[in-house]
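Undergrad: Listed here are the chains, written in short residue letters.
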Amino acid sequence: MKHSIIQVTVQLLAVLIMICPVLAEDCIPCHLEKTPAAVRQWEASAHFKAGIGCEKCHGSDHAKIIKGEAKVDMKVCGACHKKALTEHNASRHGMALHSGWGCTRNLPARNQGECRFCHEDGGSVPQGGVQCARFLRQSSEIGEIGCNYCHSVESSCASCHTNHNTSLAIVRDPNSCAKCHMGPDHPQWEMWQTSLHGTLYTTAGIATGPTCQSCHMAQGTHNVSIGITMSSGGVPYPSQKAEPARKEMLQICNQCHSPEFGRKELARGDAVRTQSLAILKEAEKIIWDLSDRSLLDPMPDQRPDHPLSGKKLVTDAQMLYEDTSHIERLFFKMKKYDYARTIKGAYHQNPAYTHWYGNAELKMNLIDIKAEASRLRERGGIGAAAKKPADQATTTDRELRVLSNRVKRGEITEEQYAREKARLLEELKLK
Amino acid sequence: MKHSIIQVTVQLLAVLIMICPVLAEDCIPCHLEKTPAAVRQWEASAHFKAGIGCEKCHGSDHAKIIKGEAKVDMKVCGACHKKALTEHNASRHGMALHSGWGCTRNLPARNQGECRFCHEDGGSVPQGGVQCARFLRQSSEIGEIGCNYCHSVESSCASCHTNHNTSLAIVRDPNSCAKCHMGPDHPQWEMWQTSLHGTLYTTAGIATGPTCQSCHMAQGTHNVSIGITMSSGGVPYPSQKAEPARKEMLQICNQCHSPEFGRKELARGDAVRTQSLAILKEAEKIIWDLSDRSLLDPMPDQRPDHPLSGKKLVTDAQMLYEDTSHIERLFFKMKKYDYARTIKGAYHQNPAYTHWYGNAELKMNLIDIKAEASRLRERGGIGAAAKKPADQATTTDRELRVLSNRVKRGEITEEQYAREKARLLEELKLK
Amino acid sequence: MKHSIIQVTVQLLAVLIMICPVLAEDCIPCHLEKTPAAVRQWEASAHFKAGIGCEKCHGSDHAKIIKGEAKVDMKVCGACHKKALTEHNASRHGMALHSGWGCTRNLPARNQGECRFCHEDGGSVPQGGVQCARFLRQSSEIGEIGCNYCHSVESSCASCHTNHNTSLAIVRDPNSCAKCHMGPDHPQWEMWQTSLHGTLYTTAGIATGPTCQSCHMAQGTHNVSIGITMSSGGVPYPSQKAEPARKEMLQICNQCHSPEFGRKELARGDAVRTQSLAILKEAEKIIWDLSDRSLLDPMPDQRPDHPLSGKKLVTDAQMLYEDTSHIERLFFKMKKYDYARTIKGAYHQNPAYTHWYGNAELKMNLIDIKAEASRLRERGGIGAAAKKPADQATTTDRELRVLSNRVKRGEITEEQYAREKARLLEELKLK
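From first to last, the protein sequence lines are chains G, L and W.
Per my numbering, residue 2 is the first one in the first sequence, and the count goes up by one each step.
Per my numbering, residue 2 is the first one in the second sequence, and the count goes up by one each step.
Per my numbering, residue 2 is the first one in the third sequence, and the count goes up by one each step.
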């Protein structure tokens with residue numbers, strides 16, 4: 002096969018030399034040997050037809066190219082494709098690394114100070130120096146293939162358009178989205194495929210069954226975030242941001258459905274989101290209570306440092322899935338996988354993802370978290386299951402420490418704290 | 002895109018007004034704006050070609066339609082499609098809500114009194130007032146998208162045929178079945194796709210590779226339950242019901258295969274089912290024994306009421322996946338997911354679903370259940386791992402209570418009970 | 002449908018009787034009734050066109066055929082398809098049962114004596130009498146559908162080519178590989194489908210998107226193992242075997258990519274493999290340490306015999322997923338599922354399989370293993386969490402036993418053993 006390709010391309014070369022002498026002389030002879038697929042795909046591309054040659058995107062400084070200093074990033078493409086670039090930059094795709102970081106900030110009681118990892122005080126534009134704790138703990142190889150392979154969509158059009166082919170047929174096919182939008186943490190691809198929308202697409206074509214692009218890139222926009230009412234981690238936007246977005250999405254639904262239908266479907270998704278967030282919050286409180294009582298195994302101060310927070314317990318956006326206690330790891334799955342599946346399943350009208358892969362897992366995970374908490378409390382001499390209950394003074398000490406932590410985290414008011422503290426000390430006197 | 006659709010449809014409208022004046026006058030002008038896809042799909046349908054207009058299915062009382070009081074359910078379709086309706090009603094699809102309930106009654110020792118949830122005493126026709134404990138515990142939103150979205154197949158032809166398109170190409174495509182027959186509890190879609198049947202369909206077309214419909218809707222029947230020898234939860238039918246069903250399925254197999262081959266393949270499925278049921282039963286016994294000894298954490302009387310059984314332990318058809326103990330939740334997965342995958346995988350000839358997603362998970366889950374039982378027994382001072390063994394009188398008391406529960410559940414005979422009780426009391430005297 | 006098939010084939014029969022009288026007279030009349038699909042597929046096959054009739058492959062002794070003594074195995078096909086057979090036999094497909102066994106020997110510290118299960122002392126050719134512990138523990142039905150259905154590729158061309166169709170279109174379609182190369186232990190099919198290669202194939206066809214066959218059966222070879230640098234279980238080959246294999250794979254990559262690109266991509270896979278193997282090894286050491294301290298629950302001597310190793314702990318190639326302790330079952334998942342997904346995901350450039358289905362699961366599983374180890378140690382009175390610490394003499398005894406086991410397994414040298422032993426005895430004297 003390789004041989005016949007070479008024969009054909011050598012012939013093509015002769016033609017090329019005549020029609021675009023610079024290119025042919027400089028790049029093609031070698032690259033037919035070195036990167037045959039790249040040449041082949043470029044030859045089949047709209048760029049080729051329009052006379053856009055190698056040097057237009059790659060420049061003509063071969064030494065620089067070799068050293069990897071002439072990357073064809075978004076700015077190169079944007080010089081011609083201005084509208085697409087502007088739309089892209091306004092979307093979540095345009096802040097993919099930031100999005101990667103932002104996507105985990107879905108905890109109701111999160112430390113607001115952490116906003117500064119991404120934002121100037123009070124500002125909404127993300128800074129460049131974003132850090133993701135999970136990324137920081139990866140080897141460079143896992144970081145490359147496991148993180149940046151997808152998150153580089155921020156600065157590389159090739160993420161979707163491929164490198165040299167840049168075929169619209171490829172990029173308008175929903176399969177193109179599958180490369181990144183799949184897996185345990187955001188199986189949008191899988192849930193679309195087996196939704197009514199997806200099965201209609203497969204059985205009756207795009208006129209009847211909408212694709213990812215139909216709803217998320219309506220009218221060909223590159224702003225894939227139009228109409229979204231939450232962060233990529235599922236934290237609901239405040240209403241002043243959510244309401245206009247919802248209106249945008251309803252306009253898209255209304256291309257096929259009645260306004261009432263669209264409104265009802267999306268409102269159901271909102272309700273599922275609120276309910277699921279409450280389950281998450283219940284689980285998170287259990288973990289913080291165990292931490293207050295020094296019952297996590299191991300406690301944060303017995304582990305390798307968290308890359309951003311050191312020895313502190315982290316259950317927010319920057320939560321890790323390594324070197325934590327078992328109960329935190331259960332919570333990680335719950336938050337990152339089960340919650341995402343439930344709510345994205347509901348918005349995409351997929352029963353199995355909403356219910357079985359989502360809601361049922363959320364609830365079973367909560368059972369597991371409670372069971373582990375019960376074991377840890379028993380170990381610590383607390384609760385009905387404890388074998389050797391602690392004496393009253395020790396118990397009061399512990400409860401005071403818990404109270405003090407809760408007021409610091411803003412879970413209870415100063416007033417509630419004072420009242421509870423008084424009650425505990427009174428109890429101690431009586432015994 | 003929306004604009005050009007409107008232009009085309011406005012022109013179409015002019016034509017429509019001439020050929021079906023009532024319809025056009027009443028519905029189309031508005032609905033081209035309000036539900037454009039519905040109009041478009043109806044226009045492409047066999048109904049349109051046959052002159053069947055909106056009012057034929059929806060009636061002409063617009064006020065009623067708006068209030069949702071003129072639903073196009075199965076009775077409306079059945080007025081014309083009589084044979085399909087009769088076949089559908091005779092099938093599991095025709096009792097989808099009941100089936101949803103029935104699908105979980107796969108426990109060998111289940112309380113026969115519970116048959117009355119579905120059936121008149123001694124009767125086989127299900128009653129209307131079926132209740133599903135898991136459904137009763139859902140929010141209305143999860144109930145809608147997570148339960149009824151699929152289980153409404155009982156009364157809605159649109160579940161498979163879609164609302165206005167009603168294209169036979171859609172409904173004969175196996176992808177149509179994927180919307181419901183997928184996921185952790187019954188991945189029939191996934192296991193067919195990667196079975197020999199499914200891969201032959203994908204690689205060589207329907208002449209060589211049979212679809213869901215080829216075997217489960219042979220000769221176009223709407224009775225999808227022909228040839229099935231168990232409940233949807235995998236409880237084997239008694240032989241007087243199973244034997245004629247098996248004959249029916251073998252006739253379907255024989256369209257392609259030799260009688261001997263079909264018989265052997267299905268018999269293998271039966272054997273896998275029997276073996277898998279035994280593993281389930283072993284796990285269930287462990288849980289009931291822990292319950293007899295008050296070792297579940299939490300015990301049923303420490304939880305929110307079960308919607309149908311209150312404070313009783315439920316491991317049968319009505320088992321919940323929320324607010325139970327950890328060991329019950331492990332059993333839920335085992336019964337609802339692992340068992341289903343193993344046996345359905347075997348009947349659909351999918352090695353990975355039978356073995357790895359099924360049988361291996363069943364066995365690993367049994368390990369987990371035994372490990373958790375060991376922890377709970379240790380906590381309760383029972384067994385080799387116990388730290389503070391109870392005194393003999395307490396032990397005897399406990400064992401007598403367990404015995405008494407076992408005879409009540411019918412696990413042992415009155416005679417066995419009397420013999421065991423005498424032995425325990427004798428032992429106590431000797432010590 | 003059955004009827005019309007019969008009509009057509011009866012007519013065809015008349016023609017057949019004229020063109021190939023022996024066949025028609027002997028087999029077709031009956032088999033049109035008994036195995037209609039087989040006849041139909043053979044009629045559409047290249048064999049039919051070339052005049053290859055039933056007796057050429059099945060022989061003409063009908064009694065033998067009926068008794069299953071005339072199986073059309075690889076030798077029958079190989080008589081004509083010599084090159085394919087030779088290539089197949091040189092590949093992992095040609096030793097599928099042995100491969101099934103070999104695939105699990107991925108433990109760094111495995112007992113080298115076990116090589117003799119497959120190999121003559123010092124030899125590299127596997128013996129016939131291979132035994133797989135997991136297979137030996139299956140019922141014959143699970144063994145059939147769950148093990149041999151795929152592993153029979155060793156001796157049956159029909160595994161890929163199907164029985165009578167033998168169409169090249171089927172076998173060149175990547176879907177054909179999905180039947181076996183899927184599932185939790187080796188989801189090559191799933192990870193290719195959502196990789197860049199797979200999505201390009203789906204969206205732009207085979208000229209742009211390579212299939213399984215493009216890379217693993219380049220130039221149509223039947224040696225699917227060309228270019229592979231590890232056992233099917235992921236144990237890296239020694240460099241004298243790995244280096245030439247890597248060169249072969251790079252030649253395949255170079256059909257499309259630059260040599261530098263291919264080298265970098267594969268080297269990244271190697272790095273991920275090394276890192277993942279280290280995580281596995283850490284987990285395995287924890288289990289052996291618990292075993293040395295008799296803390297597994299249950300210990301190997303309290304379980305049914307391992308089919309090959311009896312009462313010994315097995316964490317290598319022959320590890321079981323039934324009747325083990327909970328912590329071993331966690332390790333089974335880690336080794337057989339998580340490790341495979343991580344490294345195969347990396348080599349196939351699939352971010353979600355490398356990271357979320359792979360690396361994250363590996364690390365979360367390690368958390369779970371450490372948590373369970375902590376519980377078991379607490380139960381055994383060891384470590385910070387222990388409730389009733391053992392006295393010094395008992396502790397010293399135990400540590401000496403652990404040391405002695407470690408030196409026997411080759412984890413520490415004789416010298417280290419002597420030094421540690423002296424230190425322990427000194428400590429005892431001081432207390």
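Note that these hints are calculated values from the structure, not bench results.
Predicted model, so just to flag it, every value in this text is computed and none were measured.
Some clues are possibly wrong.
Each pair may be met inside one copy or between any two copies, as identical chains are not told apart.
Claimed, not checked - Simulated pairs of lysine to any residue, SDA-like, Cα-Cα distance not exceeding 25 Å:
id : residue 1 : residue 2
1  : K371      : C78
2  : K371      : V315
3  : K72       : P260
4  : K312      : P245
5  : K313      : D369
6  : K68       : S160
7  : K371      : R294
Undergrad: Indicate, hint by hint, whether the structure satisfies it.
TA: We went through each hint and held it up to the structure:
{"no.": "1", "hint": "K371 - C78", "result": "neither (52 Å within a copy, 49 Å between copies)"}
{"no.": "2", "hint": "K371 - V315", "result": "both (19 Å within a copy, 20 Å between copies)"}
{"no.": "3", "hint": "K72 - P260", "result": "between (46 Å within a copy, 18 Å between copies)"}
{"no.": "4", "hint": "K312 - P245", "result": "neither (41 Å within a copy, 47 Å between copies)"}
{"no.": "5", "hint": "K313 - D369", "result": "both (24 Å within a copy, 21 Å between copies)"}
{"no.": "6", "hint": "K68 - S160", "result": "within (21 Å within a copy, 48 Å between copies)"}
{"no.": "7", "hint": "K371 - R294", "result": "both (15 Å within a copy, 21 Å between copies)"}
Of the numbered hints stated above, those contradicted by the structure are hints 1, 4, listed in ascending order.
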